[in-house]
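Residue numbers for the sequence shown follow numbering that gives the first Met the number 0, beginning at 0 and rising by one.
Think about it this way: if two alpha-carbon atoms lie no more than 25 Å apart in a straight line, the pair counts; the simulated BS3-like pairs of lysine-lysine are:
id : residue 1 : residue 2
1  : Lys-259   : Lys-274
2  : Lys-595   : Lys-556
3  : Lys-192   : Lys-139
4  : Lys-514   : Lys-405
Honestly, the hints are just simulated from the structure, not real lab data.
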Amino acid sequence: MQKIKRKNTDDDGSPPKKKILFSGPKNENKKNGDKKFNDKKKKFDKGVTNGFKKFNKPFTKGNDSKNKPLPTEGITEKPKWSEMKKEKKNLRTERRKAKATAEIFEISHKAKLLAAQIQRKVVKPEFRMQACKELHSLIKGQYKAIALTHDLSRVIQVLLKHSPEDIRNDITEELLDLMVPMMQSKYAHHSVKRILKYGTDYIRHEVMKKFFGHIVSLASHTVSAPVLDYAYGEFATKKEKIHMQQEFYGDMYKNSKDEKVKTLNDAYKDSPEMKSAILQSCKANVQKILDKNLHDSELLHSVLYDYIRECSSEDRVELISTLSSLIVPLSNSLPGVNTASMCVWQGTNKDKKTILKVVKEHVVPLSKHKTGYRLLLAIFDSVDDTVLVKKVIVSTLANNLKDIAKDHWGNMTLHWLVKPKDPAAFHPSLIKILDEGFKSGTSKKDADIRVSELREAILPAVKSDIESDPDFWLSTKSAFLLVVAVLSIESSKTILESLAKVICRSDWIVRANDKDVLAIEDAGIHMCLKKLAILDKTASDTLGDAICENIEDEALKAWLPTNRGCFFILKLIENNKENVAKKFIKKIKNHTNILKQQSSEGAKLLLQCIKK
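Just need the whole structure built from these sequences, with the hints factored in.
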């Protein structure tokens, strides 16, 4: 049952508290002029006036006041937000006017309006061109004054992107002396990137000349480092790259460059007594950048690769220990991945474990990167702890097989695991680099044992996938080459049957140069088919036998009019046993008329073969 609250009690059941009203002193004998009392009364009256609403009529008891609108007389209205914003905007404008001269303020206001118009997508090219000219004439001569500001630097960026070449050249010439401060400015460095991106070759090289003498300080600055790397990687000539690297070798190269010095070794070749000082200077400059965590730079990677080859063994051990945790960003460039590979080859077992731990989270992206995959090849080729390599890297590759095999570089990674140093897939220079690195490294395990242990972790997964989805593995040259590598290591009748069913289809088509092409006519696929046919010479289960069992007249009618189709059949006949060759000849004799109508070399040779 719900309890009813009594009116003479508070919510907590206690007796109601007495309200104290400052209505005057209870004791009439007390003096009206009591200072203390009057002060309290004034304070109370002031609070009532400010804190509560005043009503014209006093509140009366009863229900007379219910459902009646409250009186509005004497109540002040709340200010409107739009008016407040407008007032704040006017105040801000007045402050800016006070800081700048009236002329600069007006120019700034007009420039921003014009820049906003130029950036609009719906603007006609004629209007945009005219607006660019007007904007340039408005702020010409003032570029240095506004280049480092947070708002007007954006106006310069708009002009550099949308204006014609002559205006861009004028802007750049005016700003050339300000390039280094602009590079280090939070706002102005965007303008430098625009100059490099949209400027002519002459302008770009003039800008890069202004960088010389400040390369190390720019490379070690958080804001300017990415812009310098952009200039180095995208636009610098070979000569300019060498000159940038020289500044890391010592202060003597800041103001003058030596055309003979192309590597760190060249800097002290004629003066061996300078070797120690130059190496120490290079080490200090490199460490300055690494301390700032700016390690993802091709310029730094080039200097690091130079330094790690020339430094003492003690300094190399120290550097490898530092770089082990940075192995992934190092692999983003060619000199960087060469440095990373050096860390793998010459690092201690502890360093190699650290590298594997860092690589673990980036296996798939690294395998598909144009330079990063080379780090994985160096690991496969020189890390003795194959159990850890299989657990950290190979298992991840096996679980993402199709995703990796779709990519050219990913396919190369898988190919190295299946058949390392295969000349059909890898360039001799890459094989040579990996061989030299292995010889200079700390690996002690026999190479053949390492290869077989890693292969047994990937081969079953690849074979199973080829058998279940032959269409995918025969769709591109790189994937097909991996199939050839697998079958050259370990052949399987079931895989050959799966492949033959796809090959013998009359509508077997692949995508090449954005066009659908008959697979047998594609140069890459044709080369792989011939390689498969050559494997039949030594294999017990052959592709020729599987094709002979599955090929139909429709497929032969599609193959025989083509030169490459005829050559593929010839390869199958030449490399298979006599009984399989006779079956082929028997099937082709039914289509002799097609061969006689062809003028290709393949058709002529095949016609001679079946007449014997």
